[in-house]
Amino acid sequence: MYRILKKEMLAPKIKLIQVYAPEICTHARPGQFVILRMHEKGERIPLTIADSDRDTGLLTLVFQEVGKSTTELGMLSEGDSILDIVGPLGTARDIEKLDCVVCVAGGVGVAPMYPEAKAYHLLGTRVISLIGAQTKDMLIFKDRMEKVSDEVYYSTDDGSFGHKGFVTEILCKLLEDGLRPDEVIAIGPLPMMRAAARVTERFGVKTVVSLNAIMVDGTGMCGSCRVTVDGEVKFSCVEGPAFDGHKVDFDELIARQNRFLAEEKLALERYLAGVGGCKCHQK
Amino acid sequence: MPKQQPDVRSKNFQEVALGYTEELAVAEANRCIQCPKKPCVSGCPVGVDIPEFIDLIAKGDFLGAARKIKEKNSLPAMCGRVCPQETQCEAVCTLGKRGEPVAIGALERFCADYERMHGDPLSDAQRSDGSSGRVAVVGSGPAGLTCASELAKLGYKVVLFESLHDTGGVLRYGIPEFRLPKAIVDEEVEYIKSQGVEIRLNVLVGATVTVDELFQEGFDAIFLGTGAGLPYFLGIPGENLNGVYSANEFLTRVNLMKAYRFPDYDTPVWVGKRVAVVGGGNVAMDSARTALRLGAEKVTVVYRRSRAEMPARLEEIENAEEEGIEFYLLANPVRILSDDKGWVKGMECVRMELGEEDSSGRRRPVPVPGSEFILDVDTVISAVGTDPNPLLVRTIPGLDLGRRGNVIIDEETGMTNIPGVFAGGDIVTGSATVIAAMGAGKAAAHGIDKYISARNGRGM
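If you're matching them up, the sequences are chains Y and A in order. Position in the first sequence (first residue = 1) + 31 = my numbering. Position in the second sequence (first residue = 1) + 27 = my numbering.
If you are wondering where the hints come from, they were derived from the structure by calculation, not from laboratory data. Each residue gets a CB set at the ideal place from its N, CA and C atoms; glycine is no exception. It is possible that part of the hints are untrue.
Stated by the list, open to error - Here are the simulated SDA-like pairs of lysine to any residue, each with C-alpha atoms no more than 20 Å apart in a straight line: (1) K72/Y to Y292/A; (2) K30/A to A133/A; (3) K285/A to Y259/A; (4) K285/A to R290/Y; (5) K296/Y to Y292/A; (6) K372/A to L221/Y; (7) K72/Y to L321/A; (8) K30/A to Q41/A; (9) K285/A to L321/A; (10) K368/A to L221/Y; (11) K64/A to S159/A.
As the list claims (entries may be wrong) - Sample of chain A residues with no beta-carbon within 10 Å of chain Y, all distances over it, derived: (12) F40; (13) L51; (14) A133; (15) D156; (16) F260; (17) P295; (18) R301; (19) E342; (20) S387; (21) E438.
Claimed, not checked - According to the in silico footprint, chain A covers these stretches of chain Y (three or more CB under 8 Å from chain A): (22) 54 to 67; (23) 113 to 123; (24) 249 to 255; (25) 284 to 290.
All chains should be built: construct the whole structure from the sequences, respecting the hints.
Structure representation (structure tokens):
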């Protein structure tokens, strides 16, 4: 059992929780994830690690309420418990000092970007962060990212903060202006990562994306998370979640993300009907 | 043995085989002629004293019979259900030369079930005092459970690590409820716990804790029983379409995550109206019969050789046939066809014929040119086998691996090339049977005991 020691509302529907998980924190490296299961009837939910502190053993996870399970997770309060957490899973990113990296993060993807940006920053790499959200309210991890970045650019869909439009438009502009980072890292919704990879391909800039495929066990046993990379089938739980963005078959992956759409919708509706909808206002 | 009627059982997940009554068990036990050569015992990978336990059944001492089995086999309720007795103990039964062999598996199952209902299965568990040493067992499938149980009997403190949130390995995620009720897996795990084995779930050894760290923590030896959990895919176009599952994914969703009870349980599984299952082993039968129970209208097993070559147990093939599973034999998928939204809308297959014998001694299937045809399906389940799981073993530098990623061990001791690291079960052999993994777990336990005893100067 993992007790929730801290819970924060980062934005509407985006929440942060912290649990004590010393073994996971000792071994976690940037790019890795955990799988949690809230209770006996729960799904196994993969969540990329947003922060892990070896000294305190505190594991930070950030999630967006999308379906039934994440909505239910969002209902938990400090002091409540999560039944199972396993990790760290996935292949860690091999992070070494480079001259310059550009971190392109969208939505809840800013949270898993943070440990990578931090790792580069600590090595003395120049970190340029491009952070996108639907609206100003939906921007998360702003202070944290600013602390580990040399420059930060923002975009919102509605123009309520920073550039009005897509974060990848800023990326395109920077590259057109002559910026040539050693690497671009893109974490966010699949269409955003696909767009980022398309932009950088034009300029021949290496691009790493972190895929959030549907998983069950997360240890390479089921192949639910399979994705085609450079014509080869890879399991993103084990060989990923990070892959060369120029080689990922995004269209296939986007289609695969819809596999359980009808079931997910049913589960969420049934859940919301049962609990009487969002209880945020009661807190 | 009495079974649920096919038209009833194909709509529920309850156990198909209902087991013997006391009268049927005694009658069956009385068929054993107690022949002096006991070929059945040598046919059993763990050497259960078969004629002795059968004799106890004949005398009505069912609890005594159960205890007799457990002297050699700590998981009788499971073995009685899923062991391929027809190729082991029953295959060599003296009665089998002229007629039906004694139904040893069914009798074993009867004893274990009787004890569970009428006795105290935990009463004879000896709690290990842990004085012999400390051993980490990785993986709680049949190899790990048996190795842990055996080591506890030998006085070791055993910690059993499991990466999933529940014990049992393939017994839990792979074999369906209707063939092996999970309450039985729970019961067997309780037995091992009562022997003093500590179980740590949600620990992926190699990631949550490394093998080196386990040694530093004071474990004297480590047993790797991590199984063959890496699914193959077909390697044909369209295998990533929506509606294509590996059998592992399909069965894990249903068995481990209980998706058959969605939305009461949160994990979904989608199964269409017309399902093709590719493969001819037990996993293919399990997948096909599970798809049927989830409401598929038509389920077809597609296998590239003929019925005689199917690796599944005959009993399971017959069960599937009775339930209305169709078999398309001597056919092999070529590609899976997509609708305009990325979902399966058919599977193109080619007819096969049997050619020369291959290295496995079976006649090699060869495609018949121009015989392609399209199977009208919306779901494809690929049950064409699994490889040893590379996740842990690749974190152990210098560990000797075979061509398919299997761990290489000394046959006698079960030890790998790294002192103190042992292995057994599917991670060594590739995908095999529950009982073979149990046999390997047991052998390795004795190898571990010898190794630790010698190191501690206790000698042999």
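How the hints compare with the structure:
no. : hint             : result
1   : K72/Y to Y292/A  : 5 Å, holds
2   : K30/A to A133/A  : 12 Å, holds
3   : K285/A to Y259/A : 23 Å, violated
4   : K285/A to R290/Y : 18 Å, holds
5   : K296/Y to Y292/A : 14 Å, holds
6   : K372/A to L221/Y : 25 Å, violated
7   : K72/Y to L321/A  : 18 Å, holds
8   : K30/A to Q41/A   : 11 Å, holds
9   : K285/A to L321/A : 12 Å, holds
10  : K368/A to L221/Y : 17 Å, holds
11  : K64/A to S159/A  : 36 Å, violated
12  : F40              : 16 Å, holds
13  : L51              : 37 Å, holds
14  : A133             : 32 Å, holds
15  : D156             : 27 Å, holds
16  : F260             : 6 Å, violated
17  : P295             : 3 Å, violated
18  : R301             : 18 Å, holds
19  : E342             : 26 Å, holds
20  : S387             : 25 Å, holds
21  : E438             : 27 Å, holds
22  : 54 to 67         : holds (count 3)
23  : 113 to 123       : holds (count 7)
24  : 249 to 255       : holds (count 6)
25  : 284 to 290       : holds (count 4)
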